[in-house]
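Based on these hints, arrange chains U, B and P on the given structure of chain V.
Protein chains in written order, with numbering that gives the first Met the number 0: chain V, 0 to 137; chain U, 0 to 137; chain B, 0 to 137; chain P, 0 to 137.
Hints are computed from structural coordinates only; laboratory data are not their basis.
Be a bit skeptical, because a hint or two may be false.
[As the list claims (entries may be wrong)] Here chain P is said to cover these stretches of chain B; the calculated rule only asks that three of the stretch's residues, wherever they fall, bring their Cβ under 8 Å from a Cβ of chain P: (1) 64-73; (2) 82-92.
[Said to hold, decoys possible] Partial chain B-side listing against chain U, Cβ under 7 Å, derived: (3) V6; (4) P10; (5) L28; (6) L42; (7) H109.
Small disclaimer: the values here were computed from a predicted structure and weren't measured.
Note that CB positions come from ideal geometry on N, CA and C, so glycine has one too.
There are 4 protein chains.
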Amino acid sequence: MRFQEIVNLHPEPISLDRDALLRCINECLDCAASCTGCADADLAESDVRTLVRCIRLCLDCADVCDVAGRVVTRETEPDLGLLRAVVEACAVACVACAEECEWHAAHHEHCRICAEVCRRCKDACDDLIATIGHEPSR
Amino acid sequence: MRFQEIVNLHPEPISLDRDALLRCINECLDCAASCTGCADADLAESDVRTLVRCIRLCLDCADVCDVAGRVVTRETEPDLGLLRAVVEACAVACVACAEECEWHAAHHEHCRICAEVCRRCKDACDDLIATIGHEPSR
Amino acid sequence: MRFQEIVNLHPEPISLDRDALLRCINECLDCAASCTGCADADLAESDVRTLVRCIRLCLDCADVCDVAGRVVTRETEPDLGLLRAVVEACAVACVACAEECEWHAAHHEHCRICAEVCRRCKDACDDLIATIGHEPSR
Amino acid sequence: MRFQEIVNLHPEPISLDRDALLRCINECLDCAASCTGCADADLAESDVRTLVRCIRLCLDCADVCDVAGRVVTRETEPDLGLLRAVVEACAVACVACAEECEWHAAHHEHCRICAEVCRRCKDACDDLIATIGHEPSR
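Chain V extracted, bound-state conformation (with noise of 0.2 Å):
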C-alpha cells in the first residue's frame, strides 16, 4: 500500500520506531476490514443467533481499529499520552474480539481468519506501546 510511503515523507517525522509505526498502522488497516467483513459474514450466516457476540465485538473492534489508524498515522505535534490510550484500547479490542471469534473459528472459516489478524494487530500495538515507553512522554 501506497501510504506508507505518504507517512514516510512527514517532514516532521515522530520519534518512534518506523517500523514499529507502520507495522501497527498496516494491521490496524486489515484487522478493521476483517472486522467489518467477519461481521458482516456472520450476519448472513443461518446460525447468525449464535453469532450475536461475534457480530458485536466485530463492530467495536472494527471501530477502534479505524480509529487507532488514524490516530498512529498522524505525526504533527504528537500526544504520547493520547496515542498510548487509543493504541491500548485498540489491543484491547483486538483480544476481545479474537476471544470470541476463536469460539467460532471451527464452524466459520472467517471467524479463523478474523481471530488471526486480531491477535497480529494486538501484537503490533503492544509492539508500538512499548516503544513509547522509552520515550519521553510530551
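For chains U, B and P alone, coordinates are given in the frame of chain V:
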C-alpha cells in the same frame, strides 16, 4: 435527539446507570462535532501556523469521541473491559484537546467553547467509568 | 448541542443557508446514532434472523450519516460538488434504511422511531442540496 | 492483506465482479490512509497556509473513502442503489482531492503520491460502478 428513545428501547439493556450512559453518548456526539468544527475553523484562521497542534488534537479527539459514542451506544453482549478502555481513551483525548484549546481561548472563541465541550465530555466519560467499576466485568 | 455555536463562529462561513446547514448536521448526528442503536437493538431481538437486512442497512446508514455530518460541518475551502455528492448519498442511504425499518415498525418500536429519524434526515439533506443548487459550484 | 480472504468466504457473495469489488475495497483503504497522512504532512509543512484547501479536501476524502470501503465490504443483503451512491460520492471526493494535491505535487512529494492514490481509487470506484450497471437493482 431521538436516538435516546431508541437506546432506551433496547430489549436487553446494559447493566449500567442509564443517565450516565445517555449523557456519555450525548457528550461524545457533541464533542466529536465540536472538535471537527474547531479544527475546521482553526484551518481558516489567519494565524493557522500557531494552531497546528490544536488542529491535530481536535482531529484525534473527534475520531476518538465518535468511536466511543458508538461503542457506548451498543448494549448487546457488551465487553465491559473493552468499553472501559475505549471510554478511558476518550477521556484522555478530551483532556489533551481541552488543554490545547485553552491556550487559544483568549484569541479564538471557537477554541474556548471547544475546550468546555471537551471538559464536559471528559466528565461524562469519567462518570460512566465510575459506574462500570461497580459492575462485575464480563 | 454546543457544536452549533462553534460552527457559527467560523471565520469564513460557507455561502449556504445557515438553518439548512445546521439542521443537516444535527439530523446526520441523530440519524447516525439512531441507526447504530437500531442495528444493536435488532441484534438482541429474538427474531434477529428476520432483521438481517435491517441491521445491514442501519450499519450503512450510520456510517454514511456520520461522514455526511463531518463533511457538512467543514466550512473551510469547500468543494460544493463533493458536498453535494456526499449529502445525496446520505439521502439515498436514509431512504433505503427507512423503507426497511418501516417493514418492522409494527413489531419493533425502535425500528419505527429509526425510520422517522431517517426520513427527517433525508428531508434535511434534500433541503441543503436545494440551497446548494442556487450557488455557483466552485 | 488478509481481509480479502474473509470477504471471499462470505456465505452469500454479492453478485458483483469479485476483482472489481476487492480492488475497490483495497484502493479505498489505501486512499483513506494516504489522505489522512497527506493532510497530516501538510499540517507540518512551513507553507501550511498555502495547503489549507489541500488539508480540507484530504480530510473529506479520507472520511468518504473510509465509509465507501466499509459499505463495499458488506455483502449481506446489499442495496445496490445505496452502494452506487456511496461509491459515486467516493469517486467525486477522490477527483476533488487529486486535483488539489496535483497543484502542490511539485513542492510536496506526499501530495504527488496522494494524488496518484486518489486517481487510482477513483478508477477502482468507476470500475465497480460499471459492474453494478449490469445488475438488476434490488
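Here's how the hints hold up against the structure:
Chain P is given as covering the region 64-73 of chain B, and this holds because 5 residues of the stretch bring a CB closer than 8 Å to a CB of that chain, at least three being needed. Coverage of the region 82-92 of chain B by chain P holds. Counting CB-CB distances below 8 Å, 6 residues qualify, and the rule asks for three or more. This hint holds: V6(B) has a C-beta 5 Å from the nearest C-beta of chain U, less than the 7 Å allowed. Interface restraint check for P10(B): the shortest CB-CB distance to chain U comes to about 5 Å, inside 7 Å, so the restraint holds.
The interface hint given for L28(B) is met, as the beta carbon of that residue sits about 5 Å from the closest beta carbon of chain U, less than 7 Å. The criterion of a C-beta within 7 Å of any C-beta in chain U is met by L42(B), whose closest approach is roughly 5 Å, and the hint holds. For H109(B), the shortest C-beta to C-beta distance to chain U is roughly 4 Å, which falls under 7 Å, so the interface hint holds.
Checked against the numbered hints given earlier, the structure satisfies every one of them.
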